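Single-letter residue listing:
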Amino acid sequence: MINYLANPNRFLNFIKPIEFSIGVFSFLFIFIGLYLSLFNSPEDYQQGDTVRIMYIHVPFAWFASFLYFSISIASIFFLIWKHPFADIIARSIAPLGLIFSILTILTGSLWGKPMWGTWWVWDARLTSMLILCIFYFAYIGISNAFPRKIDGSKPAAILAIVGMINLPIIKFSVDWWNTLHQPASIIRFDGPSINQEMLIPLVIMLLGFLFMSIFIILINIKTNLICKKYQSEILKLG
Amino acid sequence: MNPKSQRLIILFFFLTLLGLSTFLVLKSLEDNIVYFYSPSDINKKILSNEIDLSKRIRIGGLVKENSILKKGKKISFKIHDGIDEILVTYNGILPDLFREEQGIVALGKIENKNFSAIEILAKHDENYMPKEVSDMLKKNGKWKGK
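As you go down the protein sequences, you meet chains W and X in turn. FYI, this note's numbering numbers position 191 of the first sequence as 191, with every residue one higher than the one before it. Every number in this note's numbering is 1000 more than the matching position in the second sequence, counting from 1.
It is worth saying that the hints were derived from the structure and are not from the lab. Be a bit skeptical, because a hint or two may be false.
[Stated by the list, open to error] Listing some non-contacts, in silico: residues in chain W with all C-beta distances to chain X over 12 Å:
1) Arg-10
2) Val-121
3) Ala-145
[Said to hold, decoys possible] In silico DSSO-like links for lysine-lysine, alpha-carbon gap of 30 Å or less:
4) W:Lys-113 - X:Lys-1071
5) W:Lys-228 - W:Lys-149
6) X:Lys-1045 - X:Lys-1064
7) W:Lys-171 - X:Lys-1131
8) X:Lys-1138 - W:Lys-113
9) X:Lys-1078 - X:Lys-1044
10) X:Lys-1045 - W:Lys-171
11) W:Lys-113 - X:Lys-1078
12) X:Lys-1027 - X:Lys-1055
13) W:Lys-149 - X:Lys-1004
14) X:Lys-1109 - X:Lys-1045
15) W:Lys-236 - W:Lys-149
16) X:Lys-1064 - X:Lys-1139
17) X:Lys-1045 - X:Lys-1074
18) W:Lys-171 - X:Lys-1044
19) X:Lys-1113 - X:Lys-1064
20) X:Lys-1078 - X:Lys-1004
21) X:Lys-1004 - X:Lys-1064
22) X:Lys-1055 - W:Lys-113
23) X:Lys-1109 - W:Lys-228
24) W:Lys-16 - W:Lys-113
25) W:Lys-171 - X:Lys-1027
26) X:Lys-1073 - W:Lys-113
27) W:Lys-229 - X:Lys-1004
28) X:Lys-1004 - W:Lys-82
29) X:Lys-1027 - X:Lys-1070
30) W:Lys-16 - W:Lys-171
31) X:Lys-1004 - W:Lys-154
32) W:Lys-154 - W:Lys-113
33) X:Lys-1109 - X:Lys-1064
34) X:Lys-1055 - W:Lys-82
35) W:Lys-228 - X:Lys-1064
36) X:Lys-1004 - W:Lys-113
37) X:Lys-1055 - X:Lys-1074
38) W:Lys-113 - X:Lys-1109
39) W:Lys-113 - X:Lys-1074
40) X:Lys-1004 - W:Lys-222
Predicted, not measured: the structure shown is a model, and the values here were computed from it. Backbone N, C-alpha and C define an ideal beta-carbon position, used for all residues, glycine too.
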C-alpha cells in the first residue's frame, strides 16, 4: 500500500475522490466541536469559563507534537530509502506544525494568566514546547536555505530526526519533573481525569483537527509537487 | 551489506547515542529543570547543606488547612507535601485559585527556616469537571483532596 502510494501520480489519483469529503468532515467536526465547547459544555468547578480554552489548546498541542513525529518518520524514509516523495510530505507538514506549536503556546499563556497568575514560566513542559516550536522554525529554514531546494532536504531531514528526541520529553516532562503545568488528563494509566461532558467536545475537536490537518497537508503536497515539476521543467529548458 | 541496511544501522546507532546523551544531560541537570522543590526536598537540602540560602528558589505544595493568617496585606500560611511542611510569608496579591488544599508555587528565599515569598502562582491540577459533579462528590464524601 505504502509502496503503491509512494508514486506522486498514483497518490494524486488516490486522494482526488476523498479529498473533498475530508474537507467536509473537518468543517463539520470543528463546527460541532466549537459549538459544544463554547456553548454546550459545563463550566469547570475551579476554572469557570476559562476551561473553554482547553478545547483548542489540547488539539493544538497534540497535533503540533504528532505532526512533528510525522515529519521525522517521513525524514527517516527519505534518508534511508532516498525516496523524494517522503521529502515532499515532510516539507508539506512543517508549516502547519509550526502554526500549531505557536498557537499552543499562545492559547496556553492566555489560560495561564488567569489560572496560574502568569503568562509564561520556564518549567519543563512549557520550555520543551518552545523548543518544539524552534525545531519547526529550524526545519523550515534549513529545508529552504539553498538555491536548489533539494540540497536542503538532507540536512533538514537529519535535523528533524534529532528533534524527535524532544517529543517524549514534552509528553513526560510533567511526570519526570516538578512543573507548573498540570499532569496528563486524558492519556494516563487510570483513565481520563476529565469529566465525560467535557471529554466529548474535546474528542470531537481532536477528530476535527485530524481531518483539518490531513486536508491542509494534502493541499500543501499538491502545491509542492507542482512547484517541483515546474522547477524541473525550467531546468530542462535552461 | 547493501547501502540501505547500512544507513539503517547508522541511523539506529545514532539515535541510540542521541537518546543516551540526552538522558545523561537531563539527569545531571535535574536540579535545574525542576520548577520547584517540595517542602521535604527543601528540608533534605538544608540538612545536607546543598542549598544556597542567599539565592532565590521556588517551593511548591498544598496550602495547609486552617493555616492561613491574614494581617492587612500580610499573609502567612503553611504549605505541605504530605511529609513535611514549611511556613510561607507573603505580602502581595494572591491568585484567584488560592485556597486551602490548593497547590501553589512560591518564589522567594528561606529566612530562619521560614519562606518569605515575593511571588505566588497557583498550580492547577489535572481534574476537569463541572461544578455540579464536584458538589455531588463532596456531598457523598467521595471527594479526594481539594
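Is Lys-228 of chain W within 30 Å of Lys-1064 of chain X, Cα to Cα? Roughly 64 Å between the alpha carbons, so the hint for Lys-228 of chain W and Lys-1064 of chain X is violated.
Regarding the pair Lys-171 of chain W and Lys-1044 of chain X, is the alpha-carbon distance no greater than 30 Å? Holds, because 29 Å separates the two Cα atoms, which is no more than 30 Å.
Given the hint that Lys-1078 of chain X pairs with Lys-1004 of chain X, does the C-alpha gap stay at or below 30 Å? violated (62 Å)
Would you mind confirming whether the straight-line C-alpha gap from Lys-16 of chain W to Lys-113 of chain W stays at or under 30 Å? Violated, because 45 Å separates the two Cα atoms, which is more than 30 Å.
Holds or violated: Lys-1027 of chain X to Lys-1055 of chain X, with C-alpha atoms at most 30 Å apart: holds (22 Å)
For Lys-236 of chain W and Lys-149 of chain W, compute the direct alpha-carbon distance and say whether it is at most 30 Å. holds (16 Å)
Would the pair Lys-113 of chain W and Lys-1071 of chain X pass a check requiring their Cα atoms to be no farther apart than 30 Å? Cα-Cα ~26 Å, so holds.
Holds or violated: Lys-1004 of chain X and Lys-1064 of chain X, Cα atoms, limit 30 Å. violated (61 Å)
For a C-alpha distance cap of 30 Å, please report whether Lys-113 of chain W and Lys-1109 of chain X respect it. Holds, because 24 Å separates the two Cα atoms, which is no more than 30 Å.
Within a Cα-Cα threshold of 30 Å, do Lys-1064 of chain X and Lys-1139 of chain X meet the stated pairing? This hinted pair holds, its Cα atoms lying about 22 Å apart.
Regarding the pair Lys-229 of chain W and Lys-1004 of chain X, is the alpha-carbon distance no greater than 30 Å? OK: Lys-229 of chain W and Lys-1004 of chain X at ~27 Å, within 30 Å.
Hinted pair, alpha-carbon criterion (30 Å max): Lys-1055 of chain X, Lys-82 of chain W. Please report holds or violated. The given pair, whose Cα atoms are some 53 Å apart, is violated under the 30 Å limit.
Checked against the numbered hints given earlier, this structure breaks hints 2, 20, 21, 23, 24, 29, 30, 32, 34, 35, 36; the rest are met.
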